[in-house]
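Q: Each chain, letter by letter, is given below.
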Amino acid sequence: MIRDLLCMTAPVREGFDIPCHEIGSKMSNPGAALVAGLHGDEINGTFILSRLADFLNGVESGKYPELKLVKRVLIIPAVNVLGINLRTRTWPFDKSDINRMFPGSTTGETTQRIAYAVLEATKRADYRIDIHTASSDFEEIPQVRLHGPTAAERETALLFGLPAVMERSLSPVFSTTLLSSWKVWPGRSFVLRVGQAGLVQLDHCQRVFRSLVAFLGRVGILEGVNIAAEDEEVCCFDKASAFRVYAEKAGTFVSDRQVGRWVGSGQELGYIYDSFSGNVIEKVLSPVAGLLTGIRRHPLLFEGDLILRVNKKG
Amino acid sequence: MSVPSSMKIETFFTIEMPYRERMDIRRTVFTGGNGPRVAVVAGIHGDELEGLYVCHLLSCWLEQLQRTFPGSLLGTVELYPATNTLGLDTLTRGLPVFDIDLNRTFPGSPGGPLPERLAAALMTALSGSALVVDIHASNIYLREIPQVRINQEFDDMLVPLARRMNIDLIWLHSAATVLETTVAHSLNSCGTPCLVAEMGVGMRITPKYCSQLMAGILNVWRDIGVLADDVEIPEACHTPLIADDSNVHYLNAQTSGLFVPATSHWTNVRRGEILGTIISPFHGDILSEVRSPVDGVLFTLREYPLVYEGSLMARVMARKGGVS
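Just so you know, the sequences run in chain order A and P.
Note that this note's numbering has the first sequence beginning at 1241, numbered continuously upward.
Note that this note's numbering has the second sequence beginning at 8, numbered continuously upward.
Isolated chain A (complex conformation):
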């Protein structure tokens, strides 16, 4: 079933809504709520969730007779609907970031009202998942991102089977996010970060799609899932395990390395060229042996820009 979370007017065009899929039993609270597209340029998440909705609707219609959805799943492929259509990260009218508006309000600014509607629809779910990407400048390995997790969340994060579980400390900005607002409610809350903004990265999307189906199977929301083990182990990384390389010089960064590969200490991972003369001005080396969990994709570098991150296995 498709339901409108929120219907609002617009100044000179037709009104708009934020639709969501409600799939499975209407009884009780949702077993899982999955959200993407709080940022309008993070298309991987929207693609993954629209495909997941199609798959679970197929389960409900009997297309996969071996599978049974035993709890309701709520899926919002895109919160920032206008942002998706206009290819902008923020709410296009006033450039506000919807993921800085939580817990929202019924009487406040437009984006606060949107935030409130999303939180109300999702907060009572047993498992809540918000999918993001990095910016369009940077590519992240598909990962579970935990902020100040409970022990139960740490344990449950492994059930996604994604290659990395990354912990981050709480920050002042975090307090305005959907994840932060979810955390005051019973249940378990996760952010998945997948690839980079502005693209559908099919390998990453397929991997996360599989991980979400496996997760729903492992937590008992979707019965009958045949869970194949991933080729790679899941690595849990705390903040101290991250080694970042920042650009000591500005220029043009070029690399053919893929995220998710293990690299050696001192291994060459890319080059910085002088953008005018074309000379190589810096070889970019891995600071440690570890997993390449993120790398810059936009070639133009300011001095000080983050180039890559390698996480050392504990």
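By construction, these hints were calculated from the structure, which means they are not laboratory data.
Mixed in with the good hints there might be a few duds.
Derived coverage of chain P by chain A (criterion: at least 3 residues anywhere in the stretch with Cβ under 8 angstroms from a Cβ of chain A; other residues may be distant) [to be verified]: (1) 260 to 267; (2) 316 to 322.
Quick partial rundown of chain P residues pointing at chain A, CB under 7 angstroms, derived from the structure [as the list claims (entries may be wrong)]: (3) Met-24; (4) Pro-120; (5) Glu-187; (6) Thr-188; (7) Arg-298; (8) Val-301.
Glycine is no exception: its CB is placed at the ideal position from the N, C-alpha and C atoms.
Using the hints provided, position chain P relative to the given structure of chain A.
A: Only chain P this time, still in chain A's reference frame:
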């Protein structure tokens, strides 16, 4: 005894850009005696120009002072008129390329990307000042009267200074975690008093407000010994009203359309008085009337007419009385 004074424009932050250019951020420094050091920061948001004009007025006044009474500058004045240089030069509110609000990156970090480095450099430069004034215009949507906004966490330290700033409103707001990433919160937390002045509207200058704030800044500088006691400054005759979360009323649009104000900004309004209407350009009907919820002062009024459902159109403050 006369104190020699000097004025110089210097680069306090520089960073290499991808193709040949460097981004330099400059400040103007007036050096007098060994008295207190103070600073004015403007242009953290690239679409806010009011503070740039205040810096010009202060420079103009200080240059004149150097010519006429060179010994009257007892301390050091640092002006940072264009903190978000690239944003100002390209009409962008945030930091271009990084798409980040610079005033959400403090206290920053000296080894990180540009926004972090710039924030850290500003913190280093400003820490230890006797007073920092961080000047903001409103955004492009709203017009504000000259005011100082103070986090209640720091009201004991800041309200006495704000009272002397020749502004019309002191707004004491409750602590919000996200505001901990501003330059003002970061400075106040480390003991450097920082007042956030807000006035006018984005992408414009309001000369009357700028002159009013300049007089207030000079007034406080004289109070704290940056300027000699006997120096003549423009009259500072404005007494602020006090607002807090209990007496500020927000008027958000009930529907989308075109907001047409029916009253002027910075006026007394009565409960039930029509402040404006929301209309549709497609037909002649009025979609919504905007009425004041209380007797009070209309201190915020929408400047940009298009509204979405929820857009802020006005703020009215129920009067609590002035302070002397």
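Q: So which hints don't hold here, by number, going up?
A: 7 and 8
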